Amino acid sequence: MKKVLVLALALLLALGTFSAATAEGNLVYLITMDKMDMHWVSVDAGASAMAKALGLDYKWDAPNAKDNATQIEVMNNAIAEKPAVILLAATDPQGIAKTVEDAQSQGIIVLYVDSPAAAPVPVTLSTDNYAAGKLAGTTMIDELDKAGKTSGKIAIISVNTATNSTMNREKGFRDALTADGRFEILTTEYKEGLAAESQEAATNFITGNADLVGLFGANEGSTVGVGNAIKAENPAIIGIGFDKSDAILGLLKDGSLKAAMAQNPFTMGFLGVSEAYAAINKLSTGPSVIDTGVSVLRG
Amino acid sequence: MIQNENAPRPAARTRGAASGIGNAFHRMMQIRGMGQVVSVTAALVLMSLVFALINDKFMTAQNITSLLRQVAPILIIGMGQSYVLITGGIDLSIGSLVGMSAMMSATLMTHGVHALIALPLTILACLLVGLLNGTLIAQAKLPPFIATLGTMIMARGVAQIVNGNMNTDQITAGGAEAIRDLFYYGKFLGVYTPVWLALVLFLVFNYILSSTRTGRHIYALGSNYEAARFSGVSVKWAMTKAYMISSFMSCMVGFILMAQSGMGTMDAGTSYELNAVAASVIGGVSTMGGQGLLFGTVVGACIWGVLQNGLQFAGAPLALKNIVVGIVVIVSVLIDRIARSDALDLKKLFGRRAKA
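Residue numbers (our numbering), protein chains in the order written: chain A, 719 to 1017; chain Z, 26 to 381.
Quick caveat, the hints were computed from the structure, so don't treat them as lab data.
Just so it is clear, the structure is predicted and the values come from calculations on it, not from any experiment.
Hints are supplied without guarantee of correctness; some may be wrong.
Unchecked claim - Across the chosen pairs, the derived CB separations fall in these ranges:
# : chain 1 : residue 1 : chain 2 : residue 2 : range
1 : Z       : Thr237    : A       : Ala767    : 53 to 63 Å
2 : A       : Thr879    : Z       : Thr90     : 26 to 36 Å
3 : A       : Asp929    : Z       : Leu345    : 20 to 30 Å
Just so it is clear, CB atoms sit at the ideal spot from N, CA and C, and this is done for glycine as well.
All chains, please: the whole structure from these sequences, using the hints.
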């Protein structure tokens, strides 16, 4: 009886390793910065739609919060499952570069969506965050001119100092406003993209500065907080934001926000998976950087 | 008859108003935990003065009302965490329950369920999680850290799944506007509604903790679990009650956040359990259990809120803010340790009049 059991176990193990070895066939693995920001939910929606259309196996995973070390571990787990392609949105470009090289050395194709890392890959699909931030800045200046404001203070609510994409947006925004020179920018508040905390920080800016004329939110949660604060405290303040969601569309409609820089996360995921398909089948993947662009949404 | 010349003279309390206040102060200081409360209150006043000097907009009526509204949620979850800390445990699930409460109530209210049904249903769900925490810890004897870590992860998962891994739309069902006013935007006598909510909850739960049998049992089991058990205290039920109170408080703060944004966000309440611990610990609640005054948590929550608000008004860069907040937490625990040790001999400082 015991011998039969041992034999059965050995057979199962053999089958297991055999099937694991062939699992890499057509698995596309998406790794984002977290799973709760609506931006990543949209990337996943696009990616899984295209995966379904092309008949590819698809998986989505991310850390619980935007953290580089945790993302590296998530990627290590993904590598262990031997996917054909990993689509990565890197929280920190330097930190995860070695893990990307590690994956590539094991024959896994890595492509970047939204936020590239420092290791070279065939294709990067992303928004140029610095340019988008600059566009937000010039849009803010336009709106301020329209409202007749020629001086005053502007405040920024951003995510954290470790997320490259939002730091680039902030830099672009600051550069655009410094070039204009008429407005003073206050010290940025970093509230992890949480809507409630961002709203409190925005309210504090409004309470603390009688000459506050503009507020900028660097991602979806920050923008929702900014819009709600403007609505509740002082609708005359110009609010410019980032990303698109039902909440932001509502705030644009009632005028609490004047404009939002909408990225195209669905497109990033959608195109990303089609690029993955091309890469798996050794077809041409086109240009190495595809700017999926921003559009300026207005009310 | 021999006059006992060595009999103690009548105590100083009959000697006039100043001594009367002195003795009242002395009696107050005898309450366990009051020393820390007094020192952090002094710190709060000092801190507020410093921030007011740095930016004159800090002390305006507009900011004070806004600041109180920011303190209210920290105070509410702080009180829940204090109850649990006094039993010698910890509740890590607070933040996730806040998120679960916000998402659950908002999801129901964006699907046509009237607020009068949505809110009680959510309260029930949160109380069930509190009951689960209490049962795991009191009955199954799981360490509080582990049990609440598990429910923390589960509750966050529920928050994500309840609306299909999407943030909710704006709440529109019956009573939505009223709820937004009731829990965040409304003002009564010039003070925002969350502050009134926090006040009512403080009065109720402070009374329970200080003047009812449940409160006495909670202190007892935190001080010495076995002794309390042998004295006939129903320790398991008292401990479970503490965790259910904590989850009720988390539920209320979830409503506040939901009212604030007018929607549910899946990441609502992230890290709130640590803010709740900070507020309690600054206020003198001991992490060893058995000691702490809820009024201390009030002061602790105020300090936390004043720090966040004041540092922003001071234009402090992020790194400096984090360092300052960390120092405040450590110093407040140190104050308690030093005061209780003999290093300063405070008894001598305050007790010189009463002893004869």
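Hint check:
For Thr237/Z and Ala767/A, the Cβ-Cβ distance of about 58 Å falls inside the hinted range of 53 to 63 Å, so the restraint holds. At about 31 Å, the CB distance of Thr879/A to Thr90/Z agrees with the hint of 26 to 36 Å. Distance hint check: the CB atoms of Asp929/A and Leu345/Z are about 24 Å apart, consistent with the given range 20 to 30 Å.
Checked against the numbered hints listed earlier, the structure breaks none of them; every hint is satisfied.
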